[in-house]
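Please model the complete structure; the sequences and the hints are all you need to start from.
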Amino acid sequence: MVYYLIVCRSLTYAQRTALALERAGITAHILRSPKIISGTGCSYSVKISQRSLSSGLVVLNKVGLN
1 MVYYLIVCRS LTYAQRTALA LERAGITAHI LRSPKIISGT GCSYSVKISQ RSLSSGLVVL
61 NKVGLN
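The sequence shown begins at 1 in my numbering and counts up by one.
Hints were generated in silico from the structure; no laboratory data involved.
Take the hints with a grain of salt, since some may be wrong.
With beta-carbon atoms standing in for the labels, derived distance ranges [what the hints assert, rightly or not]:
no.: 1; residue 1: Gln15; residue 2: Ile37; range: 17 to 27 Å
no.: 2; residue 1: Lys62; residue 2: Lys35; range: 24 to 34 Å
no.: 3; residue 1: Tyr13; residue 2: Leu53; range: 13 to 23 Å
no.: 4; residue 1: Ile30; residue 2: Ser55; range: 11 to 21 Å
Just so it is clear, the structure is predicted and the values come from calculations on it, not from any experiment.
No residue lacks a Cβ here, since even glycine has one placed at the ideal position from N, Cα and C.
If you want it as structure tokens, here you go:
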């Protein structure tokens, strides 16, 4: 299965993103961003499935987490 990572600049933003997605019925998991994505910085990602990506982005846009 294909998954997408929504990269967030902090754990707080990742938690807010995951909560908004979960409230909309979209399964989301928080994890540390891979080093290839985050470089030397510290960032977190929210992992969602490919089939949930478009509806997840709509949800995040509505709540202002885009």
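Taking the hints in turn, this is what the structure says about them:
Checked against the hint of 17 to 27 Å, the C-beta distance between Gln15 and Ile37 comes to roughly 18 Å, which is consistent with it. Checked against the given bound of 24 to 34 Å, the beta carbons of Lys62 and Lys35, roughly 32 Å apart, stay inside it. As the Cβ distance of Tyr13 to Leu53 is approximately 18 Å, the hint placing it in 13 to 23 Å holds. For Ile30 and Ser55, the Cβ-Cβ distance of about 19 Å falls inside the hinted range of 11 to 21 Å, so the restraint holds.
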